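The chain contents come next:
Protein chains: 2
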Amino acid sequence: MPELRKDPITGRWVIIATDRSRRPSDFSREPVAVSASSRFCPFCYGNEEKTPPEVLAYRVNGGANQAGWSLRVVPNKFPALGIEGDFDRQAEGLFDKMHGIGAHEVIIETPDHSMTLAQMSDKQVEDVLWAFRERVLDLKKDHRLRYILLFKNHGEAAGASLEHPHSQLIALPVIPKRAKEELDGSKLYYEFKERCIYCDIIRQESQSGTRLVTETDRFIVVEPYAARFPFETWIIPKRHSSHFEESDAPQLQNLAWVLRTTLRKLDKTLERPPYNFVIHMAPVQEPAMSHYHWHIEIMPKLTKVAGFEWGTGFYINPTPPEESAQFLREAGLG
Amino acid sequence: MPELRKDPITGRWVIIATDRSRRPSDFSREPVAVSASSRFCPFCYGNEEKTPPEVLAYRVNGGANQAGWSLRVVPNKFPALGIEGDFDRQAEGLFDKMHGIGAHEVIIETPDHSMTLAQMSDKQVEDVLWAFRERVLDLKKDHRLRYILLFKNHGEAAGASLEHPHSQLIALPVIPKRAKEELDGSKLYYEFKERCIYCDIIRQESQSGTRLVTETDRFIVVEPYAARFPFETWIIPKRHSSHFEESDAPQLQNLAWVLRTTLRKLDKTLERPPYNFVIHMAPVQEPAMSHYHWHIEIMPKLTKVAGFEWGTGFYINPTPPEESAQFLREAGLG
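Chains as they are written, first to last, in our numbering: chain A, 661 to 994; chain B, 661 to 994.
Note that these hints are calculated values from the structure, not bench results. Check the hints yourself; a few may be wrong.
Copies of one chain are not kept apart here, so a pair can be met inside one copy or by any two copies together.
Below, simulated DSBU-like cross-link-like pairs (lysine-lysine); rule was C-alpha separation at most 35 angstroms, straight line [claimed, not checked]:
1. K928 <-> K800
2. K853 <-> K666
3. K710 <-> K898
4. K928 <-> K757
5. K737 <-> K928
6. K853 <-> K757
7. K666 <-> K840
8. K737 <-> K801
9. K757 <-> K837
10. K898 <-> K928
11. K757 <-> K898
12. K847 <-> K710
13. K853 <-> K710
14. K757 <-> K847
Quantities reported herein were computed from a predicted structural model and do not represent experimental measurements.
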């Protein structure tokens with residue numbers, strides 16, 4: 661019989677098909693192709709002037725906006741939001757709007773066009789995480805910006821419009837709905853239990869082991885109990901912290917290994933699937949929160965279609981997280 | 661400059677790209693193919709025994725589960741939920757689950773394999789709406805079922821696994837997250853204003869006309885102010901009503917024309933796009949609500965990918981609803 665499971669943080673119910681569950685080989689595979697750059701690529705060496713001037717770069721040699729970098733952060737050439745101007749909040753009858761003030765940046769993870777995050781060295785992945793941290797610390801100085809989204813679309817089917825390895829940052833003057841749900845839900849739990857719900861989940865998942873993918877001294881990787889998607893995977897730091905950008909060097913170093921290993925497990929089990937990941941973190945202008953706990957949510961794009969889930973916020977997941985966890989554990993690698 | 665707009669019902673913010681907005685021809689077109697049935701189709705005449713026995717049928721001739729029907733409702737052969745058994749609600753440590761009690765039915769809209777809802781006669785579309793109504797009225801007698809989702813996935817890219825024209829019904833023992841958001845949001849507005857927010861939206865959109873697609877005595881078709889997707893389209897009844905299943909004959913008759921005309925406008929403007937629609941209605945066990953107003957949300961599937969929206973509940977819409985409304989008005993047809 662199918663099971664209805666409730667996400668303990670947001671209260672969202674999900675149908676988990678336990679009877680006829682879908683295994684990795686049941687999904688239509690469209691491995692993300694990785695090629696040497698054939699067409700013109702604005703993120704490759706020599707094309708630095710095709711992007712807006714860099715806001716951050718790690719480089720081996722060369723000057724600003726020249727070749728020689730190992731990682732480069734530039735404003736998005738076609739930003740979803742602009743940094744200049746005033747909000748000019750206003751009504752339009754009963755509606756509310758404001759100018760789209762914010763930042764939209766691209767983290768070019770490596771000069772190597774044909775690399776993937778999963779294949780990079782731990783050091784390279786760590787650099788990406790450092791760049792995330794540096795950009796958040798810089799942007800949060802702008803008190804208009806309340807929330808920062810750090811995310812990656814990998815593969816065309818997951819929304820990547822350019823092949824060259826990159827992730828993105830969007831800084832917003834508002835709190836996205838889903839972030840607010842997590843903040844509200846975890847606060848409610850804290851008021852009731854006086855404990856962080858994520859800390860409780862870590863303890864329970866570590867003990868039970870059924871949804872555990874891997875674990876280090878500092879991080880736990882689990883398939884969430886009420887997973888919306890097959891092979892949805894969360895990486896949660898064991899030490900309570902609401903703000904990703906407060907991670908220290910040993911933390912980022914370990915996270916690099918954990919993230920890379922998790923992506924490699926997904927690559928191996930699902931044949932290099934397209935995926936999205938999003939870092940869920942506390943609003944940047946808020947002080948440290950006892951009830952909220954930053955984490956990373958990875959969503960492989962396996963089912964070809966969204967279906968009615970878009971319109972309803974109601975999900976049917978054909979792969980129980982206990983089974984996907986087992987597949988990922990058996991993939992080895994870490 | 662891009663605009664941030666707030667959906668007045670749910671409070672969700674959306675980025676509307678006003679600068680470089682995408683027109684219909686900018687989307688990669690993959691018209692939904694319609695063919696005579698080539699492979700075996702369980703929904704065609706003569707294959708009635710390949711589905712579970714029908715729970716409703718409109719027929720010209722023939723006996724139950726035989727050819728001769730004009731519309732047929734059958735339980736889904738691979739249901740996401742089962743109607744038998746007890747909830748057996750229980751904890752799993754800090755998690756909550758219950759048995760997946762509910763119903764999952766398929767409305768086979770016509771025996772004609774190569775038809776589409778947009779191409780059907782008004783009478784045929786009206787029959788589909790009557791079938792929706794009848795099934796809801798029947799299922800709500802089961803007091804375990806709290807919410808009913810009526811929806812259609814049209815085209816493979818929108819999640820339809822079978823080509824034969826059909827829509828679906830899922831009856832749930834829980835209220836989906838997005839339905840709850842609308843119920844809560846509209847209640848808050850009602851407490852403040854003592855008016856239904858949907859009634860206010862109808863009045864404003866009808867007067868301003870900028871986001872209006874079409875209008876009859878009984879229905880208004882609009883592109884919502886904070887549309888999440890290009891060409892997202894809502895059909896709202898003008899007479900306040902929280903429960904779709906209380907629609908009477910003149911109402912359903914007019915809705916058939918309005919729905920068909922709207923789908924034909926989308927077909928013409930966007931070259932037969934894949935789409936999803938969902939009927940948003942009040943929980944079936946609740947009495948009539950002054951604050952909630954049933955409606956239909958149509959979401960053409962134009963952008964190939966979901967991107968990070970999945971993980972964040974935050975949407976970037978490259979087509980302002982004022983522009984999509986104009987394209988749909990100019991399509992004529994009604």
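Which of the listed hints are broken here?
-> 1, 3, 12, 13
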